[in-house]
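First to last, the sequence lines map onto chains A and B.
Each residue of the first sequence is one higher than the last, beginning at 658 in the numbering used here.
Each residue of the second sequence is one higher than the last, beginning at 658 in the numbering used here.
Read the hints as simulated data drawn from the structure, not as lab findings.
Simulated DEER-style distance windows between Cβ atoms:
#1 G824/A with P864/B: 18 to 26 Å
#2 G764/B with S690/A: 54 to 62 Å
#3 A705/A with L771/B: 30 to 38 Å
#4 K695/B with E820/A: 47 to 55 Å
What the simulated footprint calls covered on chain A by chain B, stretch by stretch (three residues with Cβ under 8 Å from a Cβ of chain B suffice, anywhere in the stretch; the number is not a length):
#5 721-733
#6 744-756
Cβ atoms here follow ideal geometry from the backbone N, Cα and C, with glycine treated the same way.
Letter by letter, the chains look like this.
There are 2 protein chains.
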Amino acid sequence: MSDRRARKPPYSVDLILLTAVGGQLAVMLARSSEGREKWMLPWDVPRAGETMEASALRITKTVGVGEPAWIEQAGAYGDAKRHPSDSDVSVAYAALVAMGTQSPVGGVYAWFPLADVPLLPPRQKQTLDGAITVVRGRMDQSPVAFKLLPQMFTLTELQQMYELLLGKRLHKASFRRALQSAWLVEPTDEWRSEGRGRPAQLYRYSPRKRRPAQRGIRLDLLN
Amino acid sequence: MSDRRARKPPYSVDLILLTAVGGQLAVMLARSSEGREKWMLPWDVPRAGETMEASALRITKTVGVGEPAWIEQAGAYGDAKRHPSDSDVSVAYAALVAMGTQSPVGGVYAWFPLADVPLLPPRQKQTLDGAITVVRGRMDQSPVAFKLLPQMFTLTELQQMYELLLGKRLHKASFRRALQSAWLVEPTDEWRSEGRGRPAQLYRYSPRKRRPAQRGIRLDLLN
DNA sequence: GACATTAGTCACTAGTAGTGACTAATTCGG
DNA sequence: CCGAATTAGTCACTACTAGTGACTAATGTC
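From just these sequences and the hints, can you work out the full model?
Right under this line is the structure:
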């Protein structure tokens, strides 16, 4: 958001930076320099010779969370009325960082659970909703859930992350069976005791090359 | 592609118009006014006050195929070097029309089976590949296959369309069982005799509201 | 040491997909 | 006219996969 007073930029890049906070998806917002309690998605205009994704990554650095664990373009928006930049089109990038990541630039950037997101500039509200949809839709093809977790995690934490993203409860035994046949995780020899109850073994994400399984024709879930 | 000599436009809209021709996916290309045998994706720059999707739909009209059966944004591209327009960013729209649709503007526009696509401007090649991926990926969530078929079709035709999009053979009985439990088609009382063999009943796409089925956790197909 | 709590596994059941073979309705060649 | 070839449509059996509740294991709490 460096040269907001410069002449009309060719396009802008909006960053939808997501993490998990207290069992909720949360998005990083930036305090607007205009109104005191106005917030917006972090954004900027590209620098000369910079690719769009490079711009998005640069914004994550500005925000102070470093390299995101996952990033993907999440659409271009040009129809809604007002965007903080004066550009005709904004390219959205959705990015994920592990839960627990804090922005060092505390007064300016803050996580907002999705339920508590304040009013955003019109185009950005649409952009945010679209990015959430993209991330949720990528779950089947991309290890999205793992990118929201720290490097080592318990299977219960992983299951809760899936439940959060899917918006429904999963059965423990079914979840673990599916996980096992997908060869996605590998146990470590560390355990974590979370107060009461039996300690849980820690796992790490470690996908193995496998048969190109994919059986079934998923005509359901269409409709 | 109207004002290609005007001053630098804010962005351009590329259209990836797809159909099925002879058991192959095919894309509509436009003959370049420069070199004789140079082809490119149909594109244009937006008019004042026009939304991006409206621009894309206007391009389909220019091409002469009318309203597409399906259209969806398929990414924004800005990093590759040359695009016919001078814009910094191109927004891609993937659109489908029923097989058999011909463009009345014959000398300028033509279908190219994906295997025979000629060399395109660098950014457009990338755009095309991305759009194909988007369409294939939407199959589970959107009735993509139906949009490539005429309003009435035989179940064998529908199965062949799925086989084309999935790139693999399907078993007849399994396919029909899946189709039945998805409540997506409805039989008409018409039949079509295709030369030899028993005539096939014609069906139409007619999705019914259903239980939010979606069982299973698809952790496979990740990897 | 009994109990609550959480992790991890098992075995049974129900449902879904893969498969080949079967019947049905037509054209084609004699 | 009749039988073979061809394509549509269905069935029944098998194999696998997911849903489920109950079980064992290991810890903290009283």
